[in-house]
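Asks: Sequence lines, in order, name chains A and B. Take the first sequence: its letter number 85 is residue 84 in numbering that gives the first Met the number 0, and every next letter is one higher. Take the second sequence: its letter number 165 is residue 164 in numbering that gives the first Met the number 0, and every next letter is one higher.
Keep in mind that the hints were calculated from the coordinates and are not lab data. Virtual Cβ for every residue (Gly too), placed ideally from N, Cα, C. Check before you lean on any hint, since a few could be wrong.
Think about it this way: if two alpha-carbon atoms lie no more than 16 Å apart in a straight line, the pair counts; the simulated EDC-like pairs of lysine to aspartate or glutamate are [stated by the list, open to error]:
#1 B:Lys-232 x B:Asp-203
#2 A:Lys-171 x A:Asp-199
#3 B:Lys-262 x A:Glu-143
#4 A:Lys-301 x A:Asp-59
#5 A:Lys-262 x B:Glu-143
#6 B:Lys-146 x A:Glu-106
#7 B:Lys-262 x A:Glu-24
#8 B:Lys-262 x B:Glu-235
#9 B:Lys-262 x A:Asp-59
#10 A:Lys-5 x A:Glu-106
#11 A:Lys-262 x B:Asp-249
Estimated spans, in silico, between C-beta atoms of each pair [to be verified]:
#12 B:Leu-60 x A:Gln-305: 51 to 59 Å
#13 A:Gly-99 x B:Glu-207: 20 to 28 Å
#14 B:Leu-60 x A:Asp-204: 20 to 28 Å
Some but not every residue of chain B turned toward chain A, in silico, with C-beta under 10 Å [to be verified]:
#15 Asp-139
#16 Val-247
#17 Arg-248
#18 Ser-254
2 protein chains.
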Amino acid sequence: MKTAVKTMKAMVITSFGDTKVLKAEELPMPKPKDRELLVKVYATSVNPVDCKIRKGMFGDLIKIPAILGFDVSGVVVATGEKASDFKAGDEVYYLPRIVGWQGSYAEYHLVEESIVSKKPSNLSHTEAASIPLAGSTAWDALIERAKVQIGETVLIHAGAGGVGALAIQLAKLCGAYVFTTCSDYNIDLVKELGADVVIDYKEDDFVEIIKEETNGKGVDVIFDTVGGATFIKSIETAKPFCRIASIVRDITETSMPPELYSKNISLHFVFVQSSRYKLDMIRNLIEKKQVRPVIDSVMLLKDVAQAHKKLENGGVRGKIVLEVV
Amino acid sequence: MKTAVKTMKAMVITSFGDTKVLKAEELPMPKPKDRELLVKVYATSVNPVDCKIRKGMFGDLIKIPAILGFDVSGVVVATGEKASDFKAGDEVYYLPRIVGWQGSYAEYHLVEESIVSKKPSNLSHTEAASIPLAGSTAWDALIERAKVQIGETVLIHAGAGGVGALAIQLAKLCGAYVFTTCSDYNIDLVKELGADVVIDYKEDDFVEIIKEETNGKGVDVIFDTVGGATFIKSIETAKPFCRIASIVRDITETSMPPELYSKNISLHFVFVQSSRYKLDMIRNLIEKKQVRPVIDSVMLLKDVAQAHKKLENGGVRGKIVLEVV
Numbered sequence: 000m001k002t003a004v005k006t007m008k009a010m011v012i013t014s015f016g017d018t019k020v021l022k023a024e025e026l027p028m029p030k031p032k033d034r035e036l037l038v039k040v041y042a043t044s045v046n047p048v049d050c051k052i053r054k055g056m057f058g059d060l061i062k063i064p065a066i067l068g069f070d071v072s073g074v075v076v077a078t079g080e081k082a083s084d085f086k087a088g089d090e091v092y093y094l095p096r097i098v099g100w101q102g103s104y105a106e107y108h109l110v111e112e113s114i115v116s117k118k119p120s121n122l123s124h125t126e127a128a129s130i131p132l133a134g135s136t137a138w139d140a141l142i143e144r145a146k147v148q149i150g151e152t153v154l155i156h157a158g159a160g161g162v163g164a165l166a167i168q169l170a171k172l173c174g175a176y177v178f179t180t181c182s183d184y185n186i187d188l189v190k191e192l193g194a195d196v197v198i199d200y201k202e203d204d205f206v207e208i209i210k211e212e213t214n215g216k217g218v219d220v221i222f223d224t225v226g227g228a229t230f231i232k233s234i235e236t237a238k239p240f241c242r243i244a245s246i247v248r249d250i251t252e253t254s255m256p257p258e259l260y261s262k263n264i265s266l267h268f269v270f271v272q273s274s275r276y277k278l279d280m281i282r283n284l285i286e287k288k289q290v291r292p293v294i295d296s297v298m299l300l301k302d303v304a305q306a307h308k309k310l311e312n313g314g315v316r317g318k319i320v321l322e323v324v
Numbered sequence: 000m001k002t003a004v005k006t007m008k009a010m011v012i013t014s015f016g017d018t019k020v021l022k023a024e025e026l027p028m029p030k031p032k033d034r035e036l037l038v039k040v041y042a043t044s045v046n047p048v049d050c051k052i053r054k055g056m057f058g059d060l061i062k063i064p065a066i067l068g069f070d071v072s073g074v075v076v077a078t079g080e081k082a083s084d085f086k087a088g089d090e091v092y093y094l095p096r097i098v099g100w101q102g103s104y105a106e107y108h109l110v111e112e113s114i115v116s117k118k119p120s121n122l123s124h125t126e127a128a129s130i131p132l133a134g135s136t137a138w139d140a141l142i143e144r145a146k147v148q149i150g151e152t153v154l155i156h157a158g159a160g161g162v163g164a165l166a167i168q169l170a171k172l173c174g175a176y177v178f179t180t181c182s183d184y185n186i187d188l189v190k191e192l193g194a195d196v197v198i199d200y201k202e203d204d205f206v207e208i209i210k211e212e213t214n215g216k217g218v219d220v221i222f223d224t225v226g227g228a229t230f231i232k233s234i235e236t237a238k239p240f241c242r243i244a245s246i247v248r249d250i251t252e253t254s255m256p257p258e259l260y261s262k263n264i265s266l267h268f269v270f271v272q273s274s275r276y277k278l279d280m281i282r283n284l285i286e287k288k289q290v291r292p293v294i295d296s297v298m299l300l301k302d303v304a305q306a307h308k309k310l311e312n313g314g315v316r317g318k319i320v321l322e323v324v
């Protein structure tokens, strides 16, 4: 333990509820053991899953009191006695484990080194903190699970969202032809990220447009980042044997249309997993300028309640990053 | 057209309902054109999907009047002018297309040659007619969709059923360790087919046994041939990232447990597709004695209503074949 500081500030929830449950606390500084690292958090970010956990939707998996937050960009300050991949001073970025560990709304964060990756050298901590959860989610959905292939057609919902903005870039790098939905004020952004067909979902019917653009065939892959009625409607745009990856837990509450069966759909339920490998792969793409972060705004960790509100109000363009000062 | 016969007998439904809707009719002999073949049906069989269609459950896909039946073993008697893969006299077996074509409860059957395969040389027509739909279904579920790999654990529900009996054999050939459920009087059969752990589902809780046998880990692949509560309960036996293949359309009516999401399940909805390739592959395995048909009983086509009743009463061991004389 190389740091003399004995406590750290963190934003903690001790009950589930609205944004008021997010409260500053002074907590004991964690001590790394075995292959753990203690990381000084320079920046973290907010993700929709944070709001869902805060409201209690993951009460089966996550117990309170809890520190939320699932993105870290920072610097290693101390290492457990068996840690060997990183040393104090290393700049790192990673997705803290969502279940069983504390999150990153804090000045310091304890992590197993096996899920930690080197920060992209061409990004600031603020930029790098926008990547781990959203990037790993897009990677899990499109690369690991749906296995997007060259020449395929992919529908990505909410292409200007935190996950969507990275998903468009990954799908394009796979050689796919990308349809995406967004609001009118984000059309330029998603086009610039590489989307081939952009659908203003408030003005136009995405099912009609996709049927027209694919000569009635539909798409090979659907990435559902919205759930509910949008998920159900998306099935109309599916080609036979379409792979649908959904990151929205609520879809399990919906009764599913029989077209899933007659169309031989594969439905991949995606709950993002922490992994160094994925972040190594994404860092490579970022350093080669093949993928870039999309940041809506930068706030301070102490204002995380406001960041949650902003995210829940919708219309966020990429990610809201929280600097830890 | 080399046959002089002008009409053929077929079992037809002109309305949806109980087994009484299956009626013998004298119909015009179909004439093959282009790449079509006219096949004299020596044997066909009954499958659960026949009963479901008869009851109107597929009213969105299948219009009446209809000839049901989705297995043929027979002999080519005439060929369309562009057919080149088969000639009159060839012994063939195949899965008629379920949607858009007539089925095989008939003396003759018209088929596109692209989905027809050579009959296994070591099987009688009666034996060969037990294979196409059940074998293609097991192939689609385990090989094409769930992609069973060597060393994996697989749960196959209803291992003594028409599909299950072939699925056990295919999963074993993939190098998997197979758990199956069946009734007490079928335990010897499924063991002989290769099942490693046999669960008498009326006596024992398959979830408990699988958890015990896998040290709490669960299985890599689940083949759901039952649906409903059994499907939902099976999710408790799933390892993280388990692939579930279901051939039961009714599961889309069930609301799904959130474990599908937290366990990163891939759910493959399987509606079997006709293909020569699959039946070529299965023929190879049959001729090498690596797969064998399992036949419950042999009846006559004119008694198809009784065969439907027998199938719906449950407890069938493998397939009920119908000879066409």
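Asks: Does the structure keep Lys-5 (chain A) and Glu-106 (chain A) at a Cα separation of 16 Å or less?
Replies: It holds: about 12 Å lies between the C-alpha atoms, which stays within 16 Å.
Asks: Between Lys-262 (chain B) and Glu-24 (chain A), does the CA-CA distance stay at or below 16 Å?
Replies: violated, 33 Å
Asks: Would you check the hint for Lys-301 (chain A) and Asp-59 (chain A), treating anything up to 16 Å between C-alpha atoms as holding?
Replies: With Cα atoms ~27 Å apart, Lys-301 (chain A) and Asp-59 (chain A) exceed 16 Å; violated.
Asks: Run the distance test for Lys-262 (chain B) versus Glu-235 (chain B): straight-line Cα separation, threshold 16 Å.
Replies: Roughly 10 Å between the alpha carbons, so the hint for Lys-262 (chain B) and Glu-235 (chain B) holds.
Asks: Taking 20 to 28 Å as the stated bounds, is the beta-carbon spacing between Leu-60 (chain B) and Asp-204 (chain A) within them?
Replies: Between Leu-60 (chain B) and Asp-204 (chain A), where Cβ atoms are some 25 Å apart, the hint holds.
Asks: Are the Cα positions of Lys-262 (chain B) and Asp-59 (chain A) separated by 16 Å at most?
Replies: holds, 13 Å
Asks: Are Lys-262 (chain A) and Asp-249 (chain B) close enough, with their CA atoms no more than 16 Å apart?
Replies: The given pair, whose Cα atoms are some 14 Å apart, holds under the 16 Å limit.
Asks: Kindly confirm whether 20 to 28 Å is satisfied by the beta carbon distance between Gly-99 (chain A) and Glu-207 (chain B).
Replies: Given about 25 Å between the Cβ atoms, the range holds.
Asks: Checking one constraint from the list: CA of Lys-146 (chain B) to CA of Glu-106 (chain A), max 16 Å. Satisfied?
Replies: Violated, at about 45 Å.
Asks: Go through the hint on Asp-139 (chain B) and say holds or violated, using the shortest Cβ distance to chain A against 10 Å.
Replies: Interface hint status for Asp-139 (chain B): holds (8 Å vs cutoff 10 Å).
Asks: Hinted pair, alpha-carbon criterion (16 Å max): Lys-262 (chain B), Glu-143 (chain A). Please report holds or violated.
Replies: Holds - the C-alpha atoms of Glu-143 (chain A) and Lys-262 (chain B) are around 15 Å apart, at most 16 Å.
Asks: Falls inside 51 to 59 Å, the C-beta gap from Leu-60 (chain B) to Gln-305 (chain A)?
Replies: holds, 52 Å
Hints 2, 4, 6, 7, counting from the list given before, are not met by this structure.
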